[in-house]
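Here's the letter readout for the chains.
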Amino acid sequence: NAGVTQTPKFQVLKTGQSMTLQCAQDMNHNSMYWYRQDPGMGLRLIYYSASEGTTDKGEVPNGYNVSRLNKREFSLRLESAAPSQTSVYFCASSPEGRGRPDTQYFGPGTRLTVL
Amino acid sequence: AQSVTQLDSHVSVSEGTPVLLRCNYSSSYSPSLFWYVQHPNKGLQLLLKYTSAATLVKGINGFEAEFKKSETSFHLTKPSAHMSDAAEYFCVVRPMNRDDKIIFGKGTRLHILP
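Chains as they are written, first to last, in this note's numbering: chain A, 1 to 115; chain B, 1 to 114.
Because the hints were derived from the structure by calculation, they are not lab data.
Keep in mind that this is a model prediction, so the values were computed, not measured.
We put the CB at the ideal spot given by N, CA and C, even for glycine.
Possibly wrong hints are sitting among the right ones.
What the hints assert, rightly or not - Only pairs whose alpha carbons sit at most 30 Å apart, straight line, appear in this in silico DSBU-like list of lysine-lysine:
hint: 1; chain 1: B; residue 1: K69; chain 2: A; residue 2: K9
hint: 2; chain 1: A; residue 1: K14; chain 2: B; residue 2: K49
hint: 3; chain 1: A; residue 1: K9; chain 2: B; residue 2: K101
To be verified - The calculated label-pair distances, taken between Cβ atoms and stated as ranges, are:
hint: 4; chain 1: A; residue 1: S84; chain 2: B; residue 2: L56; range: 21 to 31 Å
hint: 5; chain 1: A; residue 1: N70; chain 2: B; residue 2: K58; range: 34 to 44 Å
hint: 6; chain 1: A; residue 1: D56; chain 2: B; residue 2: S3; range: 44 to 54 Å
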């Protein structure tokens, strides 16, 4: 039981390049989330998915797209990376769906640097 | 709209002394409240959660928090700090109203002095 896994662990991009961050969970959770963490800012929600086939914007969605590929997988895409997207990205999952907010389980993070 | 304020960005305590990490929130609807811990270069792990049951919530590793609606607070405490408690702690507000988003506090870094 791996929990929430993220790939890659580290990535360096040049401005304008694109990439996809992968996230998978094996806990049969309904909800999945993408956050970014910047020093002194806490975690900010980029996008979330309450169930397979649905996605919603969070606090800071600009410059990102997501795909809930199936119940297990939730990917985050940067179409044209910018230095402001340098951050640590965390994926999380939660059993709740549209129900009462529940515990989130976090992946180990992806450290992204955009030059 | 809701918000969460962690009143201290850094807290230093000596090993064996009590820990108090402060969190105040505002929410239009009855929220669920969480504390998460993040050790260096790791993901976040749940410490405890309040979801409208008992107002005093016990979590892992000896931590507990008390929900005080009148003070809109959810402070995290531990009677005796251990070196392994050195980490960053996040207070999180999750409203029942799905139009409001999950809000993380900016974090409190806990330093344990030997």
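For each hint, the structure was consulted:
Taking the CA atoms of B:K69 and A:K9, the gap is about 40 Å. The hint is violated against a cut of 30 Å. Taken as a hint, the A:K14 and B:K49 pair is broken in the structure, with Cα atoms around 40 Å apart against an allowance of 30 Å. Proximity of A:K9 to B:K101 is assessed by CA-CA distance (about 27 Å); at most 30 Å being required, the pair is judged to hold. Checked against the given bound of 21 to 31 Å, the beta carbons of A:S84 and B:L56, roughly 42 Å apart, lie outside it.
For A:N70 paired with B:K58, a C-beta distance near 37 Å keeps the hint of 34 to 44 Å intact. At about 20 Å, the CB distance of A:D56 to B:S3 disagrees with the hint of 44 to 54 Å.
The structure fails to meet hints 1, 2, 4, 6 from the earlier list, while all remaining hints are met.
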